[in-house]
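If you read the sequences in order, they're chains A and B. For the first sequence, position 27 matches number 27 in this note's numbering, and the numbering has no gaps at all. For the second sequence, position 132 matches number 132 in this note's numbering, and the numbering has no gaps at all.
In short, the hints are calculated from the structure, not lab data. Hints should not be assumed to be uniformly reliable.
To be verified - The calculated lysine-lysine pairs, modelled on DSS-like cross-linking and capped at a C-alpha distance of 25 Å, are: (1) B:Lys104 with A:Lys119; (2) B:Lys55 with B:Lys133; (3) B:Lys198 with B:Lys104; (4) A:Lys8 with A:Lys84; (5) A:Lys84 with B:Lys177; (6) B:Lys198 with B:Lys84; (7) B:Lys198 with A:Lys198; (8) B:Lys55 with A:Lys198; (9) A:Lys50 with A:Lys119; (10) A:Lys55 with A:Lys119; (11) A:Lys119 with B:Lys177; (12) A:Lys119 with A:Lys104; (13) A:Lys84 with A:Lys50; (14) A:Lys177 with B:Lys119; (15) A:Lys104 with A:Lys50; (16) B:Lys119 with A:Lys104; (17) B:Lys8 with B:Lys50; (18) B:Lys104 with B:Lys84; (19) A:Lys177 with A:Lys133; (20) A:Lys84 with A:Lys119; (21) A:Lys198 with A:Lys133.
In this text, all values refer to a predicted model and were calculated from it rather than measured experimentally.
Read off the chains here:
There are 2 protein chains.
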Amino acid sequence: MARRPRRKAEETREDILSMAEMLFRERGYVAVSIADISGALHMSPANVFKHFRSKVALIDAIAGRHLDNATERFVAFDEDLPPKEQLLRFVLRLLESHLQDIQKNPYIFEMVLSTIEAKLEAGNRYRARIEEKLGEIIRTGVAEGGYHCPNPERAAHTVADVLACVLHPILIARDDKDTLVHRAEEIVCMVDAALRNKAC
Amino acid sequence: MARRPRRKAEETREDILSMAEMLFRERGYVAVSIADISGALHMSPANVFKHFRSKVALIDAIAGRHLDNATERFVAFDEDLPPKEQLLRFVLRLLESHLQDIQKNPYIFEMVLSTIEAKLEAGNRYRARIEEKLGEIIRTGVAEGGYHCPNPERAAHTVADVLACVLHPILIARDDKDTLVHRAEEIVCMVDAALRNKAC
């Protein structure tokens, strides 16, 4: 029984997140106020503020829940394939997941923009997980002798940077899937060629 | 004298563009109406509509004027440098120019967003000019024997894609200049390594 109050607080937090996410998806981040969220949950705005001090904090938590789920999909992976093929599958999986997000959320742009200045924790964690996976693939390539790369972590960082044009919501929303898949293939080809060259 | 009316129309067009640009910079694209622009010029909204059918058409024309000026700076160039150095200087020059644009225009995000769906002519032309210059540098590298690239146009297209993370306003606004310059150096290094490898 001693744990009951904390558990209640966690449940309230989850209720707020789910309702906020639903309202943001329906009406857009800009149009929904903290009062709208508390009203829909029949609680006071003060109660919402106790858990989230701002709409940006809500976005961070919603994105965190979502992106942490997404990164779980990276864990099981095609580790017996050549590194180039591993890179490509990894990128295409991310691309597919981002395209689904964009399709499911018509207000994704304003949510993304609202997070740009804020440098949200959720985004940094997601990016770190992507770099980690890229680093693993590159180190596999180095261990197998195909890749020549003095610093796999640094290379993974740069590869994550160049993948923005096939992963960033703002950059992929205006192109169709075939174009994006082709672009991803070309980039992975270029990255693979660079990593197989001794110089970089 | 026969030419007089057409010249007048061109002047009116330029007046509208300059006033629209000034108001967009001051108050933001969303907050400024065609009626605001015509009012500030003491003309009728119908007169503005005769030249520009929408705010998006105005953005396209303003961006066109601006980006066409920017591309003129690409012409004189360091053609006796090694291709890697040419690539880097070209990218850093673009980056510098984009950072200045962002600094001068606090409403650049909403203007960029308003153009994403519209796939504006001005942006396509700018991108084409960048690809052209990248293609020239890559062909120079191939001619000198350092680069091994079966299709310089295709490679230039991919290089333009990967440069998004150091050139796209939405992706560069939250980082400081040193970070961006370092990122550009790493990407040019990776691109150069890929182009020197026979495989890509």
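How the hints compare with the structure:
1. B:Lys104 with A:Lys119: Answer holds: Lys104 of chain B to Lys119 of chain A is near 22 Å, not above 25 Å.
2. B:Lys55 with B:Lys133: Violated, because 31 Å separates the two Cα atoms, which is more than 25 Å.
3. B:Lys198 with B:Lys104: Answer violated: Lys198 of chain B to Lys104 of chain B is near 43 Å, above 25 Å.
4. A:Lys8 with A:Lys84: 48 Å, violated
5. A:Lys84 with B:Lys177: 32 Å, violated
6. B:Lys198 with B:Lys84: OK: Lys198 of chain B and Lys84 of chain B at ~16 Å, within 25 Å.
7. B:Lys198 with A:Lys198: 12 Å, holds
8. B:Lys55 with A:Lys198: It is violated: about 51 Å lies between the C-alpha atoms, which goes past 25 Å.
9. A:Lys50 with A:Lys119: Holds. Lys50 of chain A to Lys119 of chain A sits at ~22 Å (cutoff 25 Å).
10. A:Lys55 with A:Lys119: It holds: about 14 Å lies between the C-alpha atoms, which stays within 25 Å.
11. A:Lys119 with B:Lys177: Roughly 16 Å separates the two Cα atoms, so the pair holds.
12. A:Lys119 with A:Lys104: 23 Å, holds
13. A:Lys84 with A:Lys50: 48 Å, violated
14. A:Lys177 with B:Lys119: 16 Å, holds
15. A:Lys104 with A:Lys50: 29 Å, violated
16. B:Lys119 with A:Lys104: Between Lys119 of chain B and Lys104 of chain A the Cα gap is close to 22 Å, so the pair holds against 25 Å.
17. B:Lys8 with B:Lys50: 13 Å, holds
18. B:Lys104 with B:Lys84: 30 Å, violated
19. A:Lys177 with A:Lys133: 23 Å, holds
20. A:Lys84 with A:Lys119: Measuring from Cα to Cα gives roughly 31 Å; hence the hint is violated.
21. A:Lys198 with A:Lys133: 22 Å, holds
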